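Peer 1: Line by line, the protein sequences are chains G and X. Heads up, the first sequence is in our numbering, so the first residue is 1 and it goes up one at a time. Heads up, the second sequence is in our numbering, so the first residue is 1 and it goes up one at a time.
Keep in mind the hints are simulated off the structure, nothing from the lab. Some hints could be false.
[What the hints assert, rightly or not] For lysine-lysine, the following DSS-like pairs were computed, each having C-alpha atoms within a straight-line distance of at most 25 Å:
1) G:K81 / X:K370
2) X:K241 / G:K401
3) X:K134 / G:K417
4) X:K241 / X:K370
5) G:K67 / G:K9
These numbers come from a predicted model, not from an experiment.
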Amino acid sequence: MVNLTIDGKNITVAKGTTILDAAATVGIKIPTLCWLQKVSPTGACRVCAVEVEGVERTMTACNTPVKEGINVTTQSERLTKIRRKVMELMLVNHPLDCPVCDAGGECDLQNACYGLDVAKQEYSAVLEKRQIRYDWPLIESDPNRCILCEKCVKVDHEIVGCDAIAVVNRGEATVIDTVDGKPLNCEFCGNCVAACPTGTLISKPFKFRGRPWTFKITKSVCAFCGTGCQIEYHSRNGRVERVTSDDGTFNNGNLCINGRFGYSYLNSPERITVPLVKEGSVQIEADWNRAMAYAGDKLQDIVKTSGADAVAGIGSPRVTTEENFLFQKLMRVAVGTNNIDSEARLGYAGAQSVIREKLGFTGASAAIDKIDAAAAVLVIGTDLNAEATGAEYRVIKAATKNDAKLVLANMRDVKLKKFANSHLKYRPGGELALINGLMKAILDAGLEDKEFVQGKVGNLDALKAALSGSSLADLAAAAGVAEGYLREAATLIGGKKSVAILFGSDLMRSNHAAEKVAALADLALLTGCLGKESGGLFPVDAKNNTQGLLDVGVTPDHLPGYQASAAKGKDLWQIVEGIEQGAIKALYLLGSDLTTFPNNGRIKKALAKLELLIVQDIFNSEAAQLAHVVFPAAAAAEKSGSFTTTDNRVQCLGKAVDGAGDSREDWDILAELYNRLTLAGHVYSPAELLREFKELSPLYGGERTIVDGRCVGTGKQAALKTGLAFTPLTSPVAGAADQFRLLVGAIGYHNGTMSTRSANNLSVSPEGYIEIFAADAAKLGVADGAAIKVSSAAGSITGKARVSEKVQPGLLFAPVHFRDLNANSLLEGNANLVGVKVEKA
Amino acid sequence: MAQVVFSSWGRNIVDNRAGGAGAEAQFRLPVTYDGERPMAAFMGWDGIIVFNKDVDVPVMAAEYMRRVQTLYCCGKCTPGKKGTRVLMDTLAAIIAGNATEADLGTIEDLTDLLKNCKCTLCQSSTVPVLDAVKFFRDDFLAYINGAKTPASGFNYIDKYTAPCQDKCPAHIDIPAYIEGIKEYQFGHSLSAIRENMPLPSVCGRVCPHPCETACRRKNVDEPISIMVLKRSASDYEWQHKIEPPMQPKPRKNKTVAVVGAGPAGLAAAYYLALEGYPVTIYEALPAGFGGGMVAVGIPPYRQPRHLLQRDIDIISSMGVEIIYNTRVGKDITLAELKAKYNAVFLAPGAHRSKPMGVEGEDKGYKGFLKGGIDFLRDAYMGSPTGMGKKVVVVGGGNTAIDCVRVALREGADESYLVYRRSRKEMPADVWEVDGADEEGVTFEFQVLPTKIIADGNGQVTGVECVRMALGEPDASGRRRPEPVAGSEFVIECDTVIPAIGQDPDLGFIPPDLGIDITKWNTIVTKYIPYKDAAGKDLKDGMGNFQSRTLITDCNGVFAGGDAEIGPLTVVACIGSGHRAAKVVQRWLEEGKAYLTDDEYMEDILNYMGVYDKNESVSWLDSVARAHQAEVHGKERASYKNYCEVELGFTNSQAVREAERCLRCYRLAMVAV
């Protein structure tokens, strides 16, 4: 600890604390402008200059650590003069377009001038106009307004790890621009816009949508991925016009393109605004009463004639936990069937079952902020940038700011590669061999967490024995990586104080995923990554409420809170099969467009056979167009309730605007239908539904607390069970030998299909493509941008080739999001990888 | 002797404008800019020096500030970015006759405000400008009153530098690479390093880092750990498996041969390859042993081989061919090289051990080894070294230290170092001596070996020594060590390794090529005839002419590295190889071997010295210099344990250390 005096007050702070932070501990506020807590100090503006006794020059408080015994003065005539003059210099040639500047009213430069009483201008220089970048998508840059605080560049580099913008040129001509001067081509997370204290970097979609102070600000939670970033909706005249996030939030104000710009789906012309019912072969607009009656009557007819199990329902990770709870109650109680499932079946649900059985918890073992300070991080089977950007930012933080060693195991080169100490670019299907190889290499080097393993896990010898069956060379060969790389990766993640393991859909949706997830759980035990101050085991999911959906029992095999179900219903693929066979006659799709699922050619045929298809959605999806009844639903910004993140944080939504047209909140629609079917008159609300769920299960037993106007936390615990054991698997599954395989997955610019109805996202990523390895493309004579045809047993698609070195020989990749490309139509079952034939189109 | 017209340099005012006898002032500057054109004025961070009364100081000050603002100001702090712009425009307005006297007040006001700048360039640039306003006020007023208009006169040549960068023999832009680390941009940092340093893993580890002796942070507390930060930037690349970003220009026709794959040869090859020249290096040692003295002279516990090899592989991947196992003069003649290639660069190094001049050394005793460097080479290459169990190494340089430490790792039970002077007089780096101490080496200081003792079989059994003491001061006032009568004693041993220095082996240069060789056995190259005010030649610390083009008297043949400078340091050889590459390129493209303005300025400033140890630097010394982690204990020197001893910084530690940097850029400008 260091003792010092600031403005006569004695202070004791930790070594390394800056004068600025030290002053704040006793309530002394030193003015700042370029300082941004979440990035490294810049010291550019000089506004925080302070005097230190015995040092002739002023020191900047933001980047000067304290020293024992120093005497600091933060207010003096000299300092006031310096600060004012510096501000006057800053205003030299600053444009006077404040009245039409987007930052007007929320400009730190205005505030600083006002605060420091800078009312005159002593200096002048020849004015040189700098070109405004109107040619960037989503973001506009007016360098004339720039005060060169570098916040944008630092956020871009240090937090996002994107390096799209930089300080360029010299002297007065110094501006923030793209490194190559070309139009901005980045992740478009907009975190630079949020960090900009002036109107230099502004959001194009928000430009001229209103003065900042005229918007209603609603605190809520992002409705895209399972990271659950805390956001604020800014709405006016019933429209959400922008999304921001405060630096004080759990996510430090950092968002991705979906979180910041994806809101434009709310205003999509594809929103359904009135109920529809099918008359003959056409859908006609109806009022709620008619639509409800239609659905209720038909459902009851089918139950009466064919039994309750002729009905099935698909829930949604997009709707709230409360709504999913009510949906399963509707299916189980009002209809009387366990035929209920969701897209979680494709991977997350199965992976969670394995983890729950082996380790005892659901979701992640800890909140994702435990990634920040982990000593080592393994990211396996996920493009974290696409599936959980917020978690990716934390991995970047761990690797760059906190010296974590990073091992990336992925079939493709993804953004995290540049931060990784090791990239294990494994062969498709090589996951089990890879994980076993890592465990073997860790054991060979004696780098297992001995204390954890000896104390908590019974059967290390069994694991050793199983792994002794194959040599590391064999495992490396089966995984398609060099043996040396495995050994190196073992030294990077083995023997560390804390380890974070993150995994995603490429693992959870691979063939034999259950074995692979079990092996990964073993690796988690071996490295002792559970139950420590830092690190943990973190599944990620690209959808916002997959965890909540499973927690409340939208699954055929368990009841709310993971309570055992006496009878198991049909799962996703059994439901499809049931429809095909005529056993299932009615299907209720809650916020889930089955026509975009894997093997959707087959699914579409099946849907056409249904006697009753109820679609409750926010968009006029292809499934909605096939439906007998369509219920228009409210979107996330238009309702209340809560989402549960993959790391078990339960967070409330804030209702920013009313639903589009006649749409109603999903719980409200479900409640009415429930009451109609059961002839009950119960009044539901999200709070009431949560209370009911808590009565049924202790899972969400904790209290909700309000932090900064947001409700967070239910005390959902991820307790490690006792009696842990390794479940060694000796035979790595050899991959099939198709010449080509197509991997279908998420990309960073989109989230599900929801963002493909967001004009903002489409402005930077308008269409799908098929990524093909350069040498393969050359062999096929396919040029970048040319059309290629890719066919599997399930169907064929044609799309633009993107020739790249990021995939690997024999591996193609296509984004899942685009309905036009429909890459999912080639998949069969849960796997996101399929053998294909590739040809020039 | 040229009289100084005016000087404010170093805050000493010498004003001879009034004429008369005048006061004298001495500056470490040549009287000409390039050996021919007289230096008319010098302007920089510490004032103005006017040699020619016709120099228009207001115009020069305006031009100086224009260059600071438009060419060098980083724009990364408000006073610097905006303040120098206001200064530039104000000075320009004065020269254009569009200003008032009040504008001179603005200059004074801003000079004061710019003391709050983030770094040193902009604030130091106000020093000569304020001096100009102060001491040449009448000239400024003449412009303001419209009584004067600028006349064409002098050429201005500037040089952007920093004390550390100037002191570094390779002139690496040190503040730039430190800033890269500070900003978590390790890639940018390494790119800045590679502009002047193609072996970053080496000079991030074993450089004697003269830069740190010229670090301005030293005037506050301790220097920045400049060398280890270079290692951090270099380690980041391979630890993240990042492909080096260099892209050589399209291949050219003219070819270059390089003799020796040491630091100088590799550096020359690297920069020529970047320019697109096909370069072939001839190396006497077999493949896998490239690197010259770095490879054979620096043991792997200081310089891990895989990293040296990585740096060499990068150079190979840029299109440089290295032909190993080929000694020029034996396997191929220099004349053949000259005939086969458009240019030849000689960088054979200095690998021949010097004799001790001790009785018995020429008897061919078993256990008396040829030399330290030969011992290190044999140990490194896995050849029999002839070493026994009790080893005495004679010498006080880094090679001697490396020998005693390698002897332990090669299985010696006892390892002695015998040096004729005291510990603090050893030329070896202090940390190397300390390292040897920690590993259990026995030191015998102020001891002179006088005789090698052997048994009847010609096996060394000991070395006879005499103790030394400082004698009376000689004519130069220096006290030389002298033997103490009667202090003779014998150190029993079975191995003696003389490690008292090396010199170049230039036997491969045939006399008929016209290449001159000095009496110190180094290759003569052409130089710029710089003289000081007293008419004396400007010389560098090795006694060579200060500024050299590195072309020999034989057209098309260039020389550099230890064989041209005399045995010095890795970093000096790399600087030499880099300059050679640039001169060779000019020679290939224009048929002339010459230096550019930037190089003249580099050499002039280097002679002058940019660092001022007496400068009072105002800064809060709240962060002490960081020290890298190190493996401790005798275990680290156990048999065949060549694992690296120093472990570098963690990245976050590197960032904290980089944050200590004061970024001491400054601009010098001469009028010619």
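Peer 1: For a quick check of understanding: which of the numbered hints are violated here, in increasing order?
Peer 2: Violated hints (numbers, rising): 1, 3 and 4; every other hint is consistent with the structure.
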